[in-house]
Amino acid sequence: MTFRIYIFVCYYLLINLLERCTSSRVIVRRHAGVADDLPLQYDLQDYIDSLKKIIEFTSEHKLDLDLNYLFGMFLLQVNLKIAVKSQNSLTESVSNETNAMLVENEKLLKYFKFRVDTDFNREDSKDKSIARLFENCKKWSQRVPRLRLRRRRMSSRHLAHTAAADLRWSEYRASIDKFDKWTPNPKQSDFCIASLGDIEDKVNYYHKCKVDGVCRDMLINGSDFGYALLHRLLFLQSARYGRGCSIFSPPQDDDLRNKFCSIAYGEAELIAQHGFNIADLLFEQVSLCALDGHVEFLRRSWLSKLLEHQSTLGCFGYRPQQTLYVETKKAQTWRISKQNHQLLGGHCNGHFTSVAAATLAAAVRFILENY
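Mapped onto mature numbering (1 follows the signal peptide of the UniProt record, and there is no 0), the consecutive letters of the sequence shown carry residue numbers -24 to -1, 1 to 347.
Among the hints, a few may not be true.
Stated by the list, open to error - Capping the alpha-carbon separation at 27 Å, the derived lysine-lysine pairs in DSS-like fashion look like this:
id: 1; residue 1: Lys314; residue 2: Lys86
id: 2; residue 1: Lys83; residue 2: Lys29
id: 3; residue 1: Lys61; residue 2: Lys86
id: 4; residue 1: Lys306; residue 2: Lys83
id: 5; residue 1: Lys61; residue 2: Lys114
id: 6; residue 1: Lys89; residue 2: Lys178
id: 7; residue 1: Lys29; residue 2: Lys89
id: 8; residue 1: Lys86; residue 2: Lys178
id: 9; residue 1: Lys186; residue 2: Lys89
id: 10; residue 1: Lys38; residue 2: Lys114
id: 11; residue 1: Lys114; residue 2: Lys157
id: 12; residue 1: Lys157; residue 2: Lys86
id: 13; residue 1: Lys178; residue 2: Lys157
id: 14; residue 1: Lys157; residue 2: Lys104
id: 15; residue 1: Lys86; residue 2: Lys28
id: 16; residue 1: Lys178; residue 2: Lys163
id: 17; residue 1: Lys163; residue 2: Lys184
id: 18; residue 1: Lys86; residue 2: Lys38
id: 19; residue 1: Lys154; residue 2: Lys178
Please keep in mind that the hints were generated in silico from the structure rather than gathered at the bench. Here the structure is a predicted model, which means the values were calculated and not measured.
Construct all of the structure, not just a fragment, from the sequences and the given hints.
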């Protein structure tokens, strides 16, 4: 009997080892393919030119700079600050352009902070708490990992399966818009992220963030797809980079972020395979997971598709853009959080412009860190 148990255990371990080896070979092939589709040095100027247009457009439409839009501009600043510090051999022209962007974008961040500081509407208290997480570019840039392919590989056990793989495209597309069925739903997500804004910055990642139990629960039992998945990821990132603390423990938090990005990568591939139908979601996945050092998301072919969505005015829209000349009234009032993110009468979208800014800045950082 004991011998049979021994044989069974050996058989189980052998099968498990074979599965791991097979999975590892799949990952090697996947990474080899991705390595051939990463940004190249001669793409740098295209990405810089696009970012300059975004900053110029945003400067012309500052009243549209709400919390959602601001986050992308904040990540733009974080990525460029890291890029400038990590690259000692910048050409004079690239150095001048990058530093000029940092100066102009810093003006936008200060403008937003001024608006928040002079906003005395009690209904905006939660959004103001969230905004406090995105004020210190220096601390974020010190805590964010570098964008190096050889150092950032997603776990094979996470790459094996995604929730999106269980759904047909039509079902997946429909599920994305059912906000109230997500875990967390938008209100729950805002509550949890705002709770981080109300705590002090920690100097030790092993210090636990004091958050409500519902926030920890949604990380373990939340929806493994779409925006809900990214909101869970953003919560962990805000704790790590924005407050320097962990929700569970540094290893468990890191593993969860790794898992979420592995799932998101499968979704990003699915969206790309279906004509970039939900482009803003795909590039939100790219911008957040690139922030965690996952260069796999910075697919050159995807970035090329992203640039097609930029208008001549600098903003991004859901459809590929042609030359855009529109006469539309600028926003007359500022709000910390807008319900409608449409810009220029629907030709552009603030959320999409935001994730495009963060994505392209990450691509610039990747090039400057690796070439």
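**Report entry** Enumerated hints in conflict with the structure, sorted upward
**Finding:** Numbers 11, 12, 13, 19, in rising order.
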